[in-house]
Amino acid sequence: MDRYSFSLTTFAPNGKLLQIEHALAAAANGVVIATEKKTGSSLIEVSSLQHMVKVCDSIGMVYSGMGPDFRVLVNSARKMAQKYRRIYMEDPPVRILVKELASLMQEYTQSGGVRPFGVSLLLAGFDDRGANLYQVDPSGSYFPWKATSIGKNMVNAKTFLEKRFNGEMELEDAVHTAILTLKEGFEGQMTEQSIDVGIIGTLPNAQDGGPTPVFQCLSPADIRDYLSNIA
Amino acid sequence: MLSSITQAPVEAHSHNRWEPYVDNGGTSLAIAGADFVIIAADTRQSDGYSINTRYDPKAFELSNKTVIATTGYAADAKRLVEVMEQKAQSYFHKHERVMSTPAMAQLLSNTLYYKRFFPYYVFPILAGLDSQGKGAVFTYDPVGNMERTVYVACGSASALVQPFLDNQVGFANQRAADPNRLLDRETARKIAIDAFTGATERDIYTGDWLEIFTIDQTGVHREKRELKRD
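Protein chains in written order, with UniProt numbering: chain S, 1 to 231; chain Z, 1 to 230.
If you're looking for bench data, these hints aren't it; they were derived computationally from the structure. Errors might be hidden in some of the hints.
To be verified - Computed cross-link-like contacts, SDA-like style, restricted to lysine to any residue with a CA-CA straight-line distance of at most 25 Å:
1. Z:K94 to S:T39
2. S:K79 to Z:R116
3. S:K83 to Z:P119
4. Z:K87 to S:R85
5. S:K83 to Z:H93
6. Z:K94 to S:M80
7. S:K83 to Z:K94
8. S:K54 to Z:P102
9. Z:K87 to S:R78
10. Z:K115 to S:R85
11. S:K79 to Z:K87
12. S:K146 to Z:K94
13. Z:K94 to S:I87
14. S:K54 to Z:T149
15. Z:K115 to S:Q82
16. Z:K87 to Z:T149
17. S:K146 to Z:R97
18. Z:K87 to S:I96
19. Z:K94 to S:D127
20. Z:K94 to S:D128
21. S:K99 to Z:T149
22. S:K54 to Z:K115
23. S:K83 to Z:V83
24. S:K146 to Z:E96
25. S:K79 to Z:Y113
26. S:K79 to Z:T149
27. Z:K94 to S:R85
28. S:K99 to Z:P102
29. S:K99 to Z:K87
For reference, chain S alone in the conformation it holds in the complex (with noise of 0.2 Å):
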């Protein structure tokens, strides 16, 4: 496990791993994805950046690792998604998306003239059997988690995760925790521009009011709330 935090390394272009993802599963009805949103330089339009994906309805998807090939596998699993629908007429289970994204990753280990994908995943989801997380490396290893963080800090953002989870809390104390998580391990001042917050349950403030969980990134106002209430 430790050799693919140090290849994923390797793997980005300037040798650094600028990104971290922190990651919550709220066990009744819903699950956080934090990651911070670090740039290079000011004059980068942070705004336009996207690093949460909406994969469908129900699943979001965060990735730690070279972006282009994150987006490559975005538009894979969004197809995959797609697909699913078109013959179930539902939201893959988030076990089954994952499933099909793990063996295409592990295509690319055993197939000529290809590498693998320098990114390890972090899928969440809720399906018939709840709130799901899942990390996918770059060796098509899937692994359930109900909570977790992948990236520069996963060791000391881990440990403060295991002291800080409990299954019974609520989708706010989630995004709570996971925003303190993230705060643990970042360089200089941490506002609503920084970080990237995404959500799939049903918070307050919700656009889609239905009993349907829907995937959701938090606005930067939300984040702003969250923040002035850690102080």
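Once you've looked at the hints, dock chain Z against the given chain S.
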């Protein structure tokens, strides 16, 4: 002069061409309620003026919440049901749970369209409970056009049964009735039975036995009743 008279070419009519499809007759219907659904089909299998068998069931349980009824060509119907059963099993092993009725409905539509250029000569009806527990009926054409409805009739006596259902279940042409009202179990069952006894009288391909499946949250319940055998 004679050379200007030309004769129209005589077409070669092929009298011996083998026909891949046969209509084995029979009728099916389904009626959805607020928390149940009824799906019924007769059991007679015919070929022209002959009866192949008096008992060949046309309706099958695909799972503990979904039933499919098939009319048209019996051989294609059998194969279609087999294929759907296999897909249901596959899904069950992969997902570790039973396929929902709307998912089964979409799967059936795709399965039918897959053979768009050599179709299953089958007119399926799929019935079950949707994710809210309400009765759901899905009706198809042989190449997979799908529509969700409250009630439908298919098969050799569909022209007799469908208007009857329109009036008794959909309250069509009834001024003082609420067309959105759903039927209760007993009324739906009686209408289904009456539809078949009526159809049996006038349609030579319908008769012998009737199998009625009732699906609700407790599962699938099957009832077998006799119909006239003439």
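These are the hints, each one checked on the structure:
About 41 Å separates the Cα atoms of K94 of chain Z and T39 of chain S, which puts this hinted pair outside 25 Å; it is violated. For the hint linking K79 of chain S to R116 of chain Z, the alpha-carbon distance of about 24 Å falls within 25 Å, and the restraint holds. Between K83 of chain S and P119 of chain Z the alpha-carbon distance is near 23 Å, which keeps this suggested pair within the 25 Å criterion. Restraint check for K87 of chain Z and R85 of chain S: satisfied, since their Cα atoms lie roughly 16 Å apart, inside the 25 Å limit.
A distance of roughly 19 Å separates the Cα atoms of K83 of chain S and H93 of chain Z; the hinted pair therefore holds under the 25 Å criterion. Restraint check: the Cα-Cα separation between K94 of chain Z and M80 of chain S comes to about 16 Å, which is no more than 25 Å; the hinted pair holds. This hinted pair checks out: K83 of chain S and K94 of chain Z have alpha carbons roughly 16 Å apart, not beyond 25 Å. Distance check on the hinted pair: K54 of chain S and P102 of chain Z sit about 24 Å apart at the alpha-carbon level, within 25 Å; holds.
Under the criterion of a C-alpha separation no larger than 25 Å, the hint pairing K87 of chain Z with R78 of chain S is consistent with the structure, at around 23 Å. Note on K115 of chain Z and R85 of chain S: the hinted pairing holds, with a Cα-Cα distance of about 20 Å set against a maximum of 25 Å. A threshold of 25 Å between alpha carbons decides the hint, and for K79 of chain S with K87 of chain Z the separation of about 21 Å falls inside it, so the pair holds. With a C-alpha separation of about 22 Å, the suggested pair K146 of chain S and K94 of chain Z falls inside the 25 Å cut-off, and the hint holds.
For the given pair, K94 of chain Z sits about 15 Å from I87 of chain S by alpha-carbon distance, which is consistent with the 25 Å threshold. Distance check on the hinted pair: K54 of chain S and T149 of chain Z sit about 33 Å apart at the alpha-carbon level, beyond 25 Å; violated. A hinted pair counts as satisfied when its Cα atoms are at most 25 Å apart, and K115 of chain Z with Q82 of chain S qualifies at roughly 21 Å. Using a Cα cut-off of 25 Å, the hinted pair K87 of chain Z and T149 of chain Z holds, with the two alpha carbons roughly 24 Å apart.
Taking the CA atoms of K146 of chain S and R97 of chain Z, the gap is near 22 Å; set against the 25 Å cutoff, the hint holds. Restraint check for K87 of chain Z and I96 of chain S: the C-alpha separation of about 16 Å stays at or below 25 Å, so the hint holds. In summary, the hint linking K94 of chain Z to D127 of chain S is supported, as the alpha carbons are separated by about 15 Å, within the 25 Å threshold. Using a Cα cut-off of 25 Å, the hinted pair K94 of chain Z and D128 of chain S holds, with the two alpha carbons roughly 14 Å apart.
Straight-line distance between C-alpha atoms of K99 of chain S and T149 of chain Z comes to about 35 Å, which puts the hinted pair past the 25 Å bound. A threshold of 25 Å between alpha carbons decides the hint, and for K54 of chain S with K115 of chain Z the separation of about 34 Å lies outside it, so the pair is violated. Simply put, K83 of chain S and V83 of chain Z have alpha-carbon atoms about 20 Å apart, close enough for the 25 Å limit, and the pair holds. A threshold of 25 Å between alpha carbons decides the hint, and for K146 of chain S with E96 of chain Z the separation of about 20 Å falls inside it, so the pair holds.
For the proposed pair K79 of chain S and Y113 of chain Z, the alpha carbon gap of about 20 Å is at most 25 Å, so the pair holds. Restraint check: the Cα-Cα separation between K79 of chain S and T149 of chain Z comes to about 30 Å, which exceeds 25 Å; the hinted pair is violated. With a C-alpha separation of about 16 Å, the suggested pairing of K94 of chain Z with R85 of chain S holds against the 25 Å cut-off. Simply put, K99 of chain S and P102 of chain Z have alpha-carbon atoms about 23 Å apart, close enough for the 25 Å limit, and the pair holds.
With a C-alpha separation of about 19 Å, the suggested pairing of K99 of chain S with K87 of chain Z holds against the 25 Å cut-off.
The structure is inconsistent with the numbered hints 1, 14, 21, 22 and 26, although it conforms to all the rest.
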